[in-house]
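> Protein chains in written order, with our numbering: chain L, 26 to 150; chain F, 745 to 873; chain W, 485 to 740; chain U, 39 to 638.
Since the hints were made in silico from the structure, they are not lab data. Mixed in with the good hints, there may be bad ones.
Unchecked claim - No more than 30 Å apart at the CA atoms, straight line, and that leaves these computed lysine-lysine pairs for BS3-like:
#  : chain 1 : residue 1 : chain 2 : residue 2
1  : W       : 489       : U       : 503
2  : U       : 351       : W       : 567
3  : W       : 575       : W       : 489
4  : W       : 630       : W       : 575
5  : U       : 353       : W       : 567
6  : W       : 567       : U       : 503
7  : U       : 353       : U       : 187
8  : F       : 852       : W       : 489
9  : F       : 852       : L       : 94
10 : U       : 353       : W       : 630
11 : W       : 703       : U       : 369
12 : U       : 368       : W       : 703
Stated by the list, open to error - Okay, the calculated beta carbon distance ranges per label pair:
#  : chain 1 : residue 1 : chain 2 : residue 2 : range
13 : U       : 43        : W       : 508       : 30 to 38 Å
14 : W       : 726       : L       : 91        : 25 to 33 Å
15 : F       : 843       : U       : 392       : 24 to 32 Å
16 : L       : 130       : W       : 620       : 49 to 57 Å
Said to hold, decoys possible - Covered stretches of chain W (in silico footprint by chain U; criterion: 3 or more residues with CB under 8 Å from a CB of chain U, positions within the stretch not fixed):
#  : stretch
17 : 524–532
18 : 592–606
19 : 616–627
20 : 667–677
Don't be surprised by glycine CBs; every beta carbon is placed ideally from N, CA and C.
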Amino acid sequence: MSRGKSGRPTRPSGEAFWWALFSAGGVMAAIFVPAFILATGFLLPSGDPAAAAEGAQRLAALAGWWPVKLVLLGVITLSLFHCAHRIRHTLMDVGMRRLAGFLKLPCYGGALAGTVWLALVLWGI
Amino acid sequence: MSGGQYHRPHRRAWFMERPAYIRFMIREVTSFFMAAYLIVLIVTLAKVGVGEAAAAEWLQALSTTGWKVAHAVALAATVWHTITFFAAVPQAMPIYIGEDRLPDPIAKIVMGYGPWLTATAIILWGVLR
Amino acid sequence: MAETKTITLELFRYHPETDSEPRFQSYEVPYDEDWVVLDAINWIKDYVDGSVTHRWSCRMGVCGSCGMMVNGEPKLTCAAFLKNYYPFPIKVEPLVNFPVERDLVVDMEGFMDKLQDVKPYIIRDDVNDTSEGEYLQTPAELAQYKQYSMCINCMLCYSACPVVGHEDDFLGPAALALGHRYNKDSRDQGQSERLEVMLRSEAMWGCTFVGECTVVCPKHVDPAGAIQQAKAMGAQEYFKRFVMPKGAGATKGAGA
Amino acid sequence: MSHVSSHHHDVVIIGGGGAGLRAAIAIAEENPDFSVACVSKVYPMRSHTVTAEGGAAAVIKDNDSLEDHIYDTVSGADWLADQDAVEYFVNRAPEEMIQLEHWGCPWSRRPDGTVQVRPFGGMKIERTWFAADKTGFHMLHSLFQTTLKYGNIVRYDEHFATKLLLDDEGRCRGCAAIELRTGTVRAVLGKSVIICTGGAGKAFPFTTNGAIKTGDGMAMAYRAGVALKDMEFIQYHPTGLPGTGILITEASRGEGGILVNRDGRRYLQDYDLGQPLEVDDPRHPQTRTMELGPRDKLSQCFIKEMWAGRTIKTKDGDAVHLDLRHLGEKKIDKRIPFVRELARSYAGIDPVYQPIPVRPVVHYVMGGIDVDSDSATNIPGLYAAGECACVSINGANRLGSNSLTELLVFGGQAGTHAARFAMDHPDYDVSGLVAQADDERDRIRRTYFSSPAKSGGERIAVLRKELHDSMEEGAGIYRNADSLEATCNKIAELWERYANIALDDHTNSFNTELTAALELSSLLDVAQSMAHSAMERTESRGSHQRLDHPERNDDDFLAHSLAFHREDGSAPRIEYSPVTITKWPPGARTYGADSGLKRE
Numbered sequence: 026m027s028r029g030k031s032g033r034p035t036r037p038s039g040e041a042f043w044w045a046l047f048s049a050g051g052v053m054a055a056i057f058v059p060a061f062i063l064a065t066g067f068l069l070p071s072g073d074p075a076a077a078a079e080g081a082q083r084l085a086a087l088a089g090w091w092p093v094k095l096v097l098l099g100v101i102t103l104s105l106f107h108c109a110h111r112i113r114h115t116l117m118d119v120g121m122r123r124l125a126g127f128l129k130l131p132c133y134g135g136a137l138a139g140t141v142w143l144a145l146v147l148w149g150i
Numbered sequence: 745m746s747g748g749q750y751h752r753p754h755r756r757a758w759f760m761e762r763p764a765y766i767r768f769m770i771r772e773v774t775s776f777f778m779a780a781y782l783i784v785l786i787v788t789l790a791k792v793g794v795g796e797a798a799a800a801e802w803l804q805a806l807s808t809t810g811w812k813v814a815h816a817v818a819l820a821a822t823v824w825h826t827i828t829f830f831a832a833v834p835q836a837m838p839i840y841i842g843e844d845r846l847p848d849p850i851a852k853i854v855m856g857y858g859p860w861l862t863a864t865a866i867i868l869w870g871v872l873r
Numbered sequence: 485m486a487e488t489k490t491i492t493l494e495l496f497r498y499h500p501e502t503d504s505e506p507r508f509q510s511y512e513v514p515y516d517e518d519w520v521v522l523d524a525i526n527w528i529k530d531y532v533d534g535s536v537t538h539r540w541s542c543r544m545g546v547c548g549s550c551g552m553m554v555n556g557e558p559k560l561t562c563a564a565f566l567k568n569y570y571p572f573p574i575k576v577e578p579l580v581n582f583p584v585e586r587d588l589v590v591d592m593e594g595f596m597d598k599l600q601d602v603k604p605y606i607i608r609d610d611v612n613d614t615s616e617g618e619y620l621q622t623p624a625e626l627a628q629y630k631q632y633s634m635c636i637n638c639m640l641c642y643s644a645c646p647v648v649g650h651e652d653d654f655l656g657p658a659a660l661a662l663g664h665r666y667n668k669d670s671r672d673q674g675q676s677e678r679l680e681v682m683l684r685s686e687a688m689w690g691c692t693f694v695g696e697c698t699v700v701c702p703k704h705v706d707p708a709g710a711i712q713q714a715k716a717m718g719a720q721e722y723f724k725r726f727v728m729p730k731g732a733g734a735t736k737g738a739g740a
Numbered sequence: 039m040s041h042v043s044s045h046h047h048d049v050v051i052i053g054g055g056g057a058g059l060r061a062a063i064a065i066a067e068e069n070p071d072f073s074v075a076c077v078s079k080v081y082p083m084r085s086h087t088v089t090a091e092g093g094a095a096a097v098i099k100d101n102d103s104l105e106d107h108i109y110d111t112v113s114g115a116d117w118l119a120d121q122d123a124v125e126y127f128v129n130r131a132p133e134e135m136i137q138l139e140h141w142g143c144p145w146s147r148r149p150d151g152t153v154q155v156r157p158f159g160g161m162k163i164e165r166t167w168f169a170a171d172k173t174g175f176h177m178l179h180s181l182f183q184t185t186l187k188y189g190n191i192v193r194y195d196e197h198f199a200t201k202l203l204l205d206d207e208g209r210c211r212g213c214a215a216i217e218l219r220t221g222t223v224r225a226v227l228g229k230s231v232i233i234c235t236g237g238a239g240k241a242f243p244f245t246t247n248g249a250i251k252t253g254d255g256m257a258m259a260y261r262a263g264v265a266l267k268d269m270e271f272i273q274y275h276p277t278g279l280p281g282t283g284i285l286i287t288e289a290s291r292g293e294g295g296i297l298v299n300r301d302g303r304r305y306l307q308d309y310d311l312g313q314p315l316e317v318d319d320p321r322h323p324q325t326r327t328m329e330l331g332p333r334d335k336l337s338q339c340f341i342k343e344m345w346a347g348r349t350i351k352t353k354d355g356d357a358v359h360l361d362l363r364h365l366g367e368k369k370i371d372k373r374i375p376f377v378r379e380l381a382r383s384y385a386g387i388d389p390v391y392q393p394i395p396v397r398p399v400v401h402y403v404m405g406g407i408d409v410d411s412d413s414a415t416n417i418p419g420l421y422a423a424g425e426c427a428c429v430s431i432n433g434a435n436r437l438g439s440n441s442l443t444e445l446l447v448f449g450g451q452a453g454t455h456a457a458r459f460a461m462d463h464p465d466y467d468v469s470g471l472v473a474q475a476d477d478e479r480d481r482i483r484r485t486y487f488s489s490p491a492k493s494g495g496e497r498i499a500v501l502r503k504e505l506h507d508s509m510e511e512g513a514g515i516y517r518n519a520d521s522l523e524a525t526c527n528k529i530a531e532l533w534e535r536y537a538n539i540a541l542d543d544h545t546n547s548f549n550t551e552l553t554a555a556l557e558l559s560s561l562l563d564v565a566q567s568m569a570h571s572a573m574e575r576t577e578s579r580g581s582h583q584r585l586d587h588p589e590r591n592d593d594d595f596l597a598h599s600l601a602f603h604r605e606d607g608s609a610p611r612i613e614y615s616p617v618t619i620t621k622w623p624p625g626a627r628t629y630g631a632d633s634g635l636k637r638e
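Put together the whole structure using the sequences plus the hints.
Structure below.
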């Protein structure tokens with residue numbers, strides 16, 4: 026004899042949507058972001074003004090090409106949502122489980138803001 | 745009749761209890777560093793949008809030791825993300841040839857490390873050529 | 485001349501009629517290198533203390549009754565050999581993340597409810613009569629879900645999973661793997677109905693892929709992998725409903 | 039004291055293994071308005087059906103015929119099976135197996151998608167369906183999961199049934215059961231009752247059976263006045279791991295494994311089981327030959343090899359070798375992976391590289407609750423199915439892979455008949471039944487709890503061990519009048535000492551020491567029926583081998599033994615009933631290449 030069920034929610038939730046962005050972002054981040062870091066963190070920066078100027082030129086040439094813009098938009102946006110989702114769940118794991126709903130606002134909101142900002146930036150290049 | 749069940753106390757620091765949980769937490773925390781880098785990356789692109797001079801100035805600023813260390817940490821975190829992500833690929837997307845499952849190492853190469861190295865090579869070539 | 489070797493078992497004791505807190509009780513047990521932890525517990529119950537309470541039956545790793553925490557790890561006690569611990573003491577506790585009924589026995593009603601929730605049976609619109617013979621299923625189609633059908637409901641994965649401990653609404657590794665087993669069965673047509681349940685907020689999405697369920701599984705079911713696949717299926721189902729809410733198999737409550 | 043709580047259903051099933059769950063589904067489908075109670079001392083998926091490995095027999099392939107399956111079963115049973123029941127069983131088997139396939143059982147398949155079959159001991163044609171070598175596990179879980187579909191199946195998990203409740207007119211109307219969690223006794227009532235509680239291998243020390251197989255249902259029916267039929271027939275499976283008794287499935291021989299003695303000789307050829315083929319011969323293994331002979335004969339051959347000094351000494355006693363090495367790693371991993379897992383874990387042997395030491399081990403009780411070909415007992419409204427019942431299709435020796443199918447065929451049949459009985463006999467007097475359950479509760483308290491501390495009282499484990507040793511010694515593979523008499527006397531002595539049993543635990547919640555005591559009483563009753571039935575049958579047939587009466591005696595013993603319980607714990611009354619012979623008159627039981635049904 027079953028001794029009563031817990032009152033679990035009965036509706037499908039939007040978690041599927043966030044998870045899909047998280048998952049796609051995970052792939053993008055895994056494949057592209059280490060190379061991005063190598064490029065913009067180590068290869069292009071330079072203490073030498075001439076080298077830095079040349080680096081900036083290359084970067085501008087690349088980022089000005091629309092296929093690269095699209096890749097940047099896709100990779101960075103999805104990676105942001107990947108991070109947002111993971112950060113939200115990490116915060117839940119360390120004791121903010123009751124704030125699960127509220128945390129969506131700063132986490133996914135932040136990723137959305139980043140996306141808008143990035144889109145404007147790319148538009149302007 | 746029955747006095748009642750015993751419920752173990754809630755464990756707030758559960759993630760310290762098992763080495764596997766600690767490894768899990770390290771993986772999760774990589775996302776903080778990745779997010780921080782992504783913001784820096786957008787700033788970099790924004791400087792490009794402002795103009796090549798601003799971008800050059802920014803790239804010069806990024807060459808300081810502090811920024812190098814920060815990027816090194818972000819790189820380590822994202823590489824760890826990549827490794828852990830590919831480790832899960834055969835579980836999350838098993839490939840079957842008939843009734844036999846593609847062996848895990850091959851699946852990781854086909855769907856993980858192969859594309860990763862290819863993409864990395866293309867990007868570095870694009871930047872360095 | 486050989487002295488009789490012994491090993492110490494520290495058993496978790498709790499009696500709902502008399503105790504408010506659990507305690508540990510130590511027993512000296514004769515050491516036999518062929519013995520498993522379950523044999524030692526049975527010996528204690530038979531010859532030392534008949535009040536020690538635990539579940540067991542097959543002693544060959546398939547009935548799923550005898551899962552306990554052995555030195556902090558969820559194990560089938562019929563597959564945990566004393567020789568892997570000797571000469572150190574062995575601490576045996578009931579599975580964590582479950583309420584304790586008595587001693588080493590946990591309450592599994594919640595687990596049973598979760599199994600039922602995923603509708604773990606073949607759902608079809610058109611049921612063939614048995615006179616028409618078996619549904620055809622090639623070995624390749626069988627391989628798609630076979631691994632996920634090997635679960636013995638021992639619940640070790642529920643003890644290994646931190647999310648189970650924190651989130652009551654999470655269906656847990658075994659139940660989700662079982663739901664996925666039917667979703668992947670070529671004879672089944674109930675995927676949409678099953679995902680309806682799995683799509684609920686923390687039911688499946690609570691999983692953060694710690695992966696320990698797969699590590700402790702004595703039958704190599706890989707619930708962690710099953711859940712990842714189920715999430716991907718669930719996401720597809722979600723977008724299918726979002727894009728075409730009146731589309732195939734969509735039911736009420738979609739797209740919330 | 040107040041009354042026990044009563045719970046009302048239409049049909050009550052005691053036992054949640056393969057037969058009980060099949061019966062539950064049959065009733066749920068027969069009458070969707072019916073409420074079906076399923077009372078089980080464990081959660082259903084813990085039931086011992088779960089450990090069955092090799093497969094389930096049913097005629098499905100074009101090269102096979104129903105008549106062949108019948109003949110194999112009847113001759114395997116040494117002609118003690120009721121042929122009308124066997125015919126019903128074999129005819130129903132394919133439909134039941136397909137039904138289970140429709141319910142999701144993951145049967146192993148051929149490349150074309152049809153189910154795969156493998157050869158099995160004593161079967162002339164390969165007809166054993168299998169799900170790798172976890173067939174029972176998959177069948178039980180498929181059945182259990184399917185029951186979750188029906189809202190009208192109410193489970194009483196971890197409820198230990200102790201007594202059948204009969205109404206004034208002598209009809210069975212439910213049972214008294216202890217809810218283990220609280221120790222509360224409940225009256226679970228219905229208009230008919232089905233017992234599906236499995237076998238009683240735990241009467242023996244060395245058995246493949248799980249801890250729960252203690253013959254509780256057999257004892258309950260026996261005490262209520264139903265005979266236990268053919269209890270002298272105990273199946274020893276020829277290949278168990280020494281020490282633990284863990285089963286190494288017959289499928290390992292069906293796939294081509296061979297048995298060799300100390301000298302490396304395939305010794306079965308020395309015992310009229312045919313001539314061996316080389317293991318690389320494409321015709322190996324041959325059905326009804328050598329390693330694919332029936333279980334009773336193979337177990338007997340082992341003892342004879344042991345007597346001749348040709349077995350292998352291990353620290354856990356004598357053994358022979360089951361050699362699978364020639365099958366190769368790939369086939370072993372695909373067809374019998376569980377064998378490899380078990381051998382590695384529990385014997386430290388990898389069968390890909392080493393032969394597995396094996397010896398005969400108690401596996402199955404052919405006898406059981408006397409039921410007719412409708413699964414009905416002599417008590418109106420009481421049915422039984424599965425290993426606890428004796429229809430009988432298994433006679434003096436059951437063929438491997440017939441019992442899983444039996445669960446389905448007779449579980450389903452018992453369900454259907456019990457549902458119809460319930461529809462035809464809806465009314466009964468509840469108060470009388472509740473009063474009986476009250477009495478049962480008081481009896482349990484009086485017997486096990488209320489007595490003042492019995493210093494020097496008997497320990498359950500001590501009595502159980504003495505029973506085990508005596509059964510193995512006196513009622514094992516070979517018996518004689520002296521050994522059986524010693525066992526009968528021992529059981530009588532144990533019954534006396536049982537009255538002086540003392541429990542450490544007098545509490546209510548989850549008192550598994552109490553259930554162990556109740557199980558021991560079941561085992562004593564069942565063992566007593568086994569020993570006395572064996573004593574009375576002065577012939578050798580199938581698994582019952584009397585050294586003092588080595589021949590089969592159809593003139594006197596082509597008959598079922600019926601053991602009737604006597605209240606005072608003394609020896610049961612033994613009667614005999616005729617065996618139903620339809621088209622297959624008793625003949626010589628031959629194995630070897632050209633045995634089996636002779637066709638024109």
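> None of the hints should be skipped; say for each whether it holds.
Hints versus structure:
Between the alpha carbons of residue 489/W and residue 503/U the distance comes to roughly 23 Å, so the proposed pair stays at or under 30 Å and holds. With a C-alpha separation of about 23 Å, the suggested pair residue 351/U and residue 567/W falls inside the 30 Å cut-off, and the hint holds. For the hint pairing residue 575/W with residue 489/W, the CA-to-CA distance comes to about 18 Å; that is within 30 Å, so the pair holds. Our distance criterion of 30 Å between C-alpha atoms is broken by residue 630/W and residue 575/W, whose separation comes to about 35 Å.
Proposed proximity of residue 353/U and residue 567/W is supported: the alpha carbons are some 17 Å apart, at most 30 Å. Restraint check for residue 567/W and residue 503/U: satisfied, since their Cα atoms lie roughly 25 Å apart, inside the 30 Å limit. Distance restraint check for residue 353/U and residue 187/U: the Cα-Cα separation of roughly 49 Å exceeds the 30 Å cut-off, and the hinted pair is therefore not satisfied. Between the alpha carbons of residue 852/F and residue 489/W the distance comes to roughly 48 Å, so the proposed pair goes past 30 Å and is violated.
For the hint linking residue 852/F to residue 94/L, the alpha-carbon distance of about 29 Å falls within 30 Å, and the restraint holds. Under the criterion of a C-alpha separation no larger than 30 Å, the hint pairing residue 353/U with residue 630/W is inconsistent with the structure, at around 38 Å. In summary, the hint linking residue 703/W to residue 369/U is supported, as the alpha carbons are separated by about 19 Å, within the 30 Å threshold. For the suggested pair residue 368/U and residue 703/W, the alpha carbons sit about 19 Å apart, so the restraint of at most 30 Å is met.
Take residue 43/U and residue 508/W: their Cβ atoms lie about 36 Å apart, and the range 30 to 38 Å holds. Checked against the given bound of 25 to 33 Å, the beta carbons of residue 726/W and residue 91/L, roughly 29 Å apart, stay inside it. About 28 Å separates the C-beta atoms of residue 843/F and residue 392/U, a value consistent with the hinted range of 24 to 32 Å. Taking the beta carbon of each, residue 130/L and residue 620/W are about 51 Å apart, inside 49 to 57 Å as hinted.
Under the rule that three or more residues need a Cβ within less than 8 Å of chain U, the assignment of the stretch 524–532 of chain W holds, with 3 such residues. Under a criterion of three residues with beta carbons nearer than 8 Å to beta carbons of chain U, the stated coverage of the stretch 592–606 of chain W is upheld, 8 such residues being counted. Counting residues of the stretch 616–627 of chain W whose CB lies closer than 8 Å to any CB of chain U gives 9, so the stated coverage by that chain holds, three being the minimum. Figure legend: the stretch 667–677 of chain W, annotated as covered by chain U; annotation consistent (3 residues with Cβ-Cβ distances under 8 Å, at least 3 required).
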